[in-house]
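Throw the hints in and build the complete structure from the sequences for me.
There are 4 protein chains.
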Amino acid sequence: MIIIIKQDYEKEQLDSLTKWIKSQGVKIDASKGEKNLILGLVGDTSKIDIDLIRSLDIVENVKRIQEPYKLANRKFHPQDTIVDVSGHKFGGNSFQLIAGPCSVESEEQIIGIAKAVKAAGANILRGGAFKPRTSPYAFQGLKAEGLKLLLKAKEETGMPICTELMAEKYIDLFQDVDIIQIGARNMQNFDLLKAVGKLNKPILLKRGLANTIQEWLMSAEYIMSEGNENVILCERGIRTFEPATRNTLDLSAIPLVKEMTHLPIIVDPSHASGIARLVEPMSLASVGAGSDGLIIEVHNDPPHALCDGAQSLRPEQFEEVVKKVDVMLPLVGKVRN
Amino acid sequence: MIIIIKQDYEKEQLDSLTKWIKSQGVKIDASKGEKNLILGLVGDTSKIDIDLIRSLDIVENVKRIQEPYKLANRKFHPQDTIVDVSGHKFGGNSFQLIAGPCSVESEEQIIGIAKAVKAAGANILRGGAFKPRTSPYAFQGLKAEGLKLLLKAKEETGMPICTELMAEKYIDLFQDVDIIQIGARNMQNFDLLKAVGKLNKPILLKRGLANTIQEWLMSAEYIMSEGNENVILCERGIRTFEPATRNTLDLSAIPLVKEMTHLPIIVDPSHASGIARLVEPMSLASVGAGSDGLIIEVHNDPPHALCDGAQSLRPEQFEEVVKKVDVMLPLVGKVRN
Amino acid sequence: MIIIIKQDYEKEQLDSLTKWIKSQGVKIDASKGEKNLILGLVGDTSKIDIDLIRSLDIVENVKRIQEPYKLANRKFHPQDTIVDVSGHKFGGNSFQLIAGPCSVESEEQIIGIAKAVKAAGANILRGGAFKPRTSPYAFQGLKAEGLKLLLKAKEETGMPICTELMAEKYIDLFQDVDIIQIGARNMQNFDLLKAVGKLNKPILLKRGLANTIQEWLMSAEYIMSEGNENVILCERGIRTFEPATRNTLDLSAIPLVKEMTHLPIIVDPSHASGIARLVEPMSLASVGAGSDGLIIEVHNDPPHALCDGAQSLRPEQFEEVVKKVDVMLPLVGKVRN
Amino acid sequence: MIIIIKQDYEKEQLDSLTKWIKSQGVKIDASKGEKNLILGLVGDTSKIDIDLIRSLDIVENVKRIQEPYKLANRKFHPQDTIVDVSGHKFGGNSFQLIAGPCSVESEEQIIGIAKAVKAAGANILRGGAFKPRTSPYAFQGLKAEGLKLLLKAKEETGMPICTELMAEKYIDLFQDVDIIQIGARNMQNFDLLKAVGKLNKPILLKRGLANTIQEWLMSAEYIMSEGNENVILCERGIRTFEPATRNTLDLSAIPLVKEMTHLPIIVDPSHASGIARLVEPMSLASVGAGSDGLIIEVHNDPPHALCDGAQSLRPEQFEEVVKKVDVMLPLVGKVRN
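Protein chains in written order, with the numbering used here: chain A, 118 to 454; chain B, 118 to 454; chain C, 118 to 454; chain D, 118 to 454.
Careful: at least some of the hints might be erroneous.
Copies of the same chain look alike in the list, so a pair counts if it works inside one copy or between any two.
[To be verified] Pairs of lysine-lysine residues, derived as DSS-like cross-links and limited to a Cα-Cα distance of at most 30 Å, are as follows:
id, residue 1, residue 2
1, Lys315, Lys269
2, Lys139, Lys149
3, Lys311, Lys152
4, Lys232, Lys441
5, Lys260, Lys136
6, Lys144, Lys248
Calculated from the structure, these hints are not laboratory results.
Written as structure tokens, this is what we have:
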């Protein structure tokens, strides 16, 4: 960490600051720049709050040199982490397809889609039981009943399941869920992150709509610091000024994240745009960018599932995407397994 | 709601859509535009998910005409809501000052600051017991112990207290808290919103970093739809591309929100910039924009409270702000009470 | 266009508005919504300024139904526009590679790189002669001298050239340039757009850093409305809150733009991130998203071209990208020609 | 400037970099951090392009310590610059009001408004002759004819005039204009900045929609480096994700800019929101934030000036704003003169 001191600082304030920094177990290497005194902090600065330093009267600016995350940092763990979900691997040269409906609606629906996406090549089934909705008046999912139906589909098809946990109080219901999803709106729900950090289960951590890559890795760090290192990151679009898509899929994040962390990262091309016909091109783009997998919404019966299946692909369209993805994988050195 | 149908739609798909819309109790007024068929939806469209309509194959675009919020909507409730906190009023021509430290640290500290801000003119005491922090390694607050100290300060000074609730599981500890704050990162933690919606207590709802004004009002609607209409909105900065401030305080939101809703709205000028010397100008700017109050961080002993008091004002600086605010209030038709 | 009138409008103001709208040659279809009067405008509304309507006292909101662009609109021109550059086609099932250095530095340098990128598979040479730079103290390019060197490289290698025009006053120097680039910062320099609209020459129109897709198409419309329909769009990243990359490449824009317009669109994967090692993954991602081509920075001698070649690939790395792109093209139904 | 070198750098690359840095006349102070080698650059680094350093293979990250602007930097020029416009001062403890219509339409209109705003307290007249418009089909202003009308209004009322220059080729027409405005879309039109830098005339430099404060000061630096130090900055809103206002007025920028530069800064509250009824609250907010003035759109005859006067205030509303501003000025230590 580099602290740039204002030109007209008072010695007393500087002494107070340096004393406090040293009390945090960090050494100081001071040097005189052209106009300003510059303090270089040497040692473990991960516990020093950069915002608080910045807010001090005598500080002109402060820059972090070392990343504030450690367990998620590739510098301290150079090889890829492989997250294993019943034999299906995330990370390394593996590529995974998770597919299923936005919401679980009925036994017939979820088992039907599960069979269809399995036939098309998906290894893991997704489906929403608890649904975060902007409006209190919108359908919030079948909740516990939806979870039961998902577990039936797992039993019927042998597919591991992935579904979203919205609050700690429901955690006991998720014992047989294979991947617990933390949604974008909960990416900085720190109590929830700590709760899933105490489990021994893969966590799919979606990026928050307005969160930087560094904040995302800090949220992964929250989970890992409680003991659970099975974190799979999921890019799903960020909020920008562009109104033509609901969110802007940030695919440059994929190769960058792979440099910063050893954790696997996948892409959700369905939610970013909210437009079904963009799923195929954005799926291929994600593979090109180096993603470790895709999570795609698929539904079976559009006319009857108007409001929950609408933004998803039909199984035959999904199959088309899978075929093209499979042609691309050798190009990026990946295999489905 | 206006739905613009694609030029090359299939009749069967259109029939399916119109049938579904009618099943939601909404009438359709279809008209032929220059190039497209346009459906005007007449009736209560608040339960219709605009994103799902947009994602349909035959839909080119969809625009909302009526707001999706009802209880928070000024159209249905023209007069200002007044939220009363032990006689201190939010809304109407009232103006409130909430002040106190970022974190509660000790009995001496919180009581000292409480007395100082009361003397300077604040009516309500703020202080963090549970602290949301980006890093799992940063200090997370004194938690339950911090709450006890706040309650002592309330007893000692008679000031109502305002503090943040981070998770539903702590809700029982907050029985004697006068205003429960929902932080920016929890603005769309829907389970938490429903939980505080069941209380009969003022809720300070901070705007999420990347949330539109409409989403903010939808979160207020979540609380109100559970029965609690005592919602105070708090603007605290949004995330933009500008790196010079931590967040960009969106003061245009103040007069706009006042048109859209009858709920009171205050401003937190301390957190947006993270820079103490911006608190005074941004406080005066907030009053000019028509805010119903301010929530300001104040600390007492900078050298000893380096890391939690740093971005706040000292009591004498806060007093200076209060004096200037008091001069401005008649200009915007407001009084402190 | 749909205009939502406020509930408490004055009849006189409404009459004034409707009279004015009719004077613009547009018909009005008024209907009564649940709470508001709604005016539907039927006819050519492309000349009506939506911002001005929105600002009227009696208007609550206004929504555009028809796009404000006509010449660039796929609705009025369903088949792809093919822009031909000396036999190399942009649009349709063609895919083009433009490559070359950030800045032209010397005859040896530009001819060396031209030969290298041609050998690696590029069809068109790029190179900066006039360089837009944030700082007045930074190197601004060799200007007219740089253009001459580019033309020499064209003569030597037979490659068409693409280079940026920064101001109308230099336009005569660009007579033998094959593609004139309008940079992101000039996307709304309307006088410059009109000037190149009067030429009979392909224009590469980069997207502005903070411009919506619709504004981008309106800028294409400026060029086309002066008579020049040879517009090639170029996505190069938009400005967001994420600090890890210089800009965020918006690849979802590719399939969307292809629906909205018949113009070809290519991607510049070098400038968005400013990080050379992201060029390969983002090039493959662009192909997956359906881009009609790539414009890539390539330099030849990194140690001696420290400051202008640094963010580019070396020729052998570029060749590697070309090989992978060529494997992908059949998947997206494209050929290089 | 601080350069953080990657852990696995090659010695040859580092030598090449350090040699090049030294050739730029800058000294290097190298130190070993916990994990990385860190180079501190001492001397004038304003000519070193930070993006290019960042893009080098061996560089992990780079941070600027000294600002890249010199002439605009308060560190090198601590006292406020006062820009004098025929005796009306911008900067220091002065406060200025510029007012007038969006577009000049007729002699009667502009002289009428000029007299009205002068009576209400404005010292300087604004009016658009050349209008930048997103659509090529929208009214682009009366151009040269509009300028003549403005000059007539100046003659008639004695008010200095402020109007926008859109391209260098029109510069000769602007000889009798008192303040030349550079619009937001031209903030990085570097050739235009250099052209007005050669004049001896106040320049009103609007902030670009997506430009950081630092880029804005770099554009001021462009003008100043050509010899013209009479630059007045103007905040007019930035582009964010919020759709309720056209742009988000960034008032925190006011006190920040005043710390970073000695140049005066004013606010345009009319354009940011595009909503006339927000002009009064945002004007008062601007004064509170410490602005050196306001530029406000005022029109005289709404029913007949529907499309250009719509987003502006009527003279009597403007007068109301002036009265409230005058009450506030002593609070922020300012006077109108």
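Results of checking the hints against the structure:
| no. | hint | in the structure |
| --- | --- | --- |
| 1 | Lys315 <-> Lys269 | within (26 Å within a copy, 34 Å between copies) |
| 2 | Lys139 <-> Lys149 | both (19 Å within a copy, 19 Å between copies) |
| 3 | Lys311 <-> Lys152 | between (44 Å within a copy, 29 Å between copies) |
| 4 | Lys232 <-> Lys441 | within (20 Å within a copy, 34 Å between copies) |
| 5 | Lys260 <-> Lys136 | between (53 Å within a copy, 27 Å between copies) |
| 6 | Lys144 <-> Lys248 | between (48 Å within a copy, 27 Å between copies) |
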